[in-house]
Amino acid sequence: MNKDILICGVGGQGTVLASKIIAASAMEEGHPVHSAETIGMAQRGGSVTSHVRIGADAFAPMIPFGSAGLLLAFEPGEAVRNLKYLRKGGLAVVNTAITKPVTESLKESGYSGKVMAEYLERKCACIFVDAEEACKPFGSTRFFNIILLGVAAGSGHLGIRKETVLKQIEKYVPPKYLEINTRAFEAGIKIAESETAK
Amino acid sequence: MKQYVMGNGAIALGALTAGVGLVAGYPGTPSSEIIETISKAPHEGVHLEWSVNEKAALEVAVAAAYSGVRSMVTMKQMGLNVASDPLMSVAYLGVKGGLVIVSADDPGPISSQTEQDTRRFADFCRIPVFDPASPEEAYGMIQEAFAYSEKYGTPVLFRPTTRVCHAYAAIEAPDHFAPRPAEGFVRDPSRWVIFPRLSYMNHAKMEKRNAEISKDFSSFRFNTAEGNPSEKAVVASGVSYAYVKECLKGHEDVRLVRIATAFPFPEDFVLQALRGVKKVLCIEELSPYVEEQILKTAGKHHLDLTVSGKLDGSVPHNGENSVELCSDILDRFLGIRTKLEQVDISDAPALPVRPPVLCAGCPHRASFYAVKQAMKGKKAVFCGDIGCYTLGNAMPLDMVDTCLCMGAGITMAQGFDYTNPDTVCFAFTGDSTFFASGITGVVNAVYNGANIILCVLDNSTTAMTGHQPHPGTGRNMMGSPVEKVHIEKVLEGIGVRKILTVDPLQLEDSIRAVQECLPEPGVRAIIFRSPCVALAKPENKMAVDPAKCISCKKCIREIGCPALVTEGGKVKIERNLCAGCGLCSCICPVGAIGGEQK
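Heads up: the protein sequence lines correspond to chains L and S, in order. For what it's worth, my numbering labels the leading residue of the first sequence as 1, then goes sequentially. For what it's worth, my numbering labels the leading residue of the second sequence as 199, then goes sequentially.
So that you can see chain L by itself, here it is in the shape it has in the complex (with noise of 0.2 Å):
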């Protein structure tokens, strides 16, 4: 298996926990795993990126242009900026809710999430979520990132079981958060099963 996964976000949003957890599930079902992660500056409300490289033969520790088969966007600004890593019949996850930066505040030039979701519909298949409808059972949206797994590993195009990311999950969120955590984990997979039966 060769598989590129880009998650991509704003810094603060819970992306590094994600691809961490991806990346343990791909070594737990036997697949040699290397990642790259934003760290420094960037962290501080810049861009950030998390690229998770699975199968033997990826040299570049950063996914090539139009390689990767799976786009997790945490913000869909960042979508469309990152938009270029994905190869063509990938699939893009994308949280339609936008982090406006400071720059935006002060001069606004009328960013919007619904400019990015249309064009993002244009340029590929997509599983759009809105995070905070997504949060609202969950009463914060720092369970995101783990709904946005749901979502990946219920579309199919994950290349992971659901029990092995789920098992991952376990050992990276303390245990009184698992309960809360698992179901935010399943949400997820029902909101991209229901988007692949549409």
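The set of hints was computed from the structure by calculation and includes no laboratory data. Since the model is a prediction, treat every value here as computed from it, not as a measurement. It cannot be assumed that every hint is accurate.
[As the list claims (entries may be wrong)] Below, a sample of chain L positions facing chain S; criterion: calculated Cβ distance under 8 Å:
#1 V10
#2 D57
#3 G66
#4 R81
Backbone N, C-alpha and C define an ideal beta-carbon position, used for all residues, glycine too.
Let chain L serve as the given structure and place chain S on it in line with the hints.
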């Protein structure tokens, strides 16, 4: 045991596997996680420390290496500038126990001031350098680095780059580590005391030895030649080798030569690997070091060889390489197609720019704002320094006029004072930077009678590089409690007469402190003390009362906190981002912002 670790973790595990007994360093992206990995690894008897700066770290390690202990120092590439004084000298004296100096380069640059090249530093100091292309290689190569250091009795440089440091891979390493036993220091002034005569003698020995190492490196397992000999060949080093390998999938017949030891240059190996080649393309980052060595080799041996790379414009001098960049260059050079098909995004809607900003609730924002308010309408220069607070330059704060290198803000404020008599000269420094290289600057200011206002932005951690402790935190690298070095007492001891300590989140008090310092001559210091918001749990969150908000957006225009956003023309506070610092509530002209109702 198999572990999934960052490249920096692989370097750490490799050093532990090699039996390292002492590790010292100063935090700096992309090198910081090396020491942090060692602190968490199961080991006994390894001395580990965050030193106050890179020079101190190297000097500590030199003594350990003189005692026969395998020692390692870690830093980012500019840290090597700070450590260059002991480095140049120890290069002449040599070592007994292996001494590896890890200096992580940052092509791009991504989080650095310069695009300097540690391989050139190695040439300058005349000591060997190792250049890994991946975390897996880094694990093995650093063990070799220790062995070479001991074999030739010389310190060696180990130079990963950001993309190797921050890449993750699975590494098989032992379950437990212990330092190799060492003989201890044996007194020998003819060996360990540097004098002109000794340097003269050793200089000749070093050059003779480097010729031997060049031969030795010609059979080094990480200097490799792949593909079939033909008229054209590609030479790559560091992570660029990985990029070229990625591009050449399906073109494995292309001759690809990889140089992992740029100095001493493995000339015999290169001559062999390039036999029959007429055109060579060099792909490397930072400086054209390998390219120049190949040109030199070609001239020396009268080879009929055309060399392409940075020097003929085929490869850019600046910035980092990537698979895409290498793909373009290789396609032109080899006349093949390696590029993957991509989604066309040339018609993409405009995307918001996301420059890094101070976190929501960061106390530095409040400190800068207080000084800005106090200095409204007055002529002032604001000297910044290296750390999160460099981000004080961003709009709307716009409070950093200069930033040069670690500690320079304090001394530059003095230079501005001497040459701009009508200007109030401020120096902003973080707590970790103060200890790293600020103190001598304060001594200089007091001694030379400078008129400056020193603002120490004390958030009780080294935040930018990942929250490492420092002498002012009362904890050491291993997390043990230690005697705190008090910034106020240090300043007092130096002879600073006016020292004020304020909580920057108390805006009125902070503005008053600046105003109080203004009329006085000499060095005045204000310590703005409030913990880093990434470490402190918020007690409350702020909220906008929509009934009171008049949508003037003064809060956004004045402080630019990322938690302050507009929604339908009204100001809203992003609950997930707000840290409850309350600075915005001090600014709102109609009192519409307050603590959230519980």
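task: If any of the earlier hints don't hold here, list their numbers in rising order.
output: Per hint list: zero violations.
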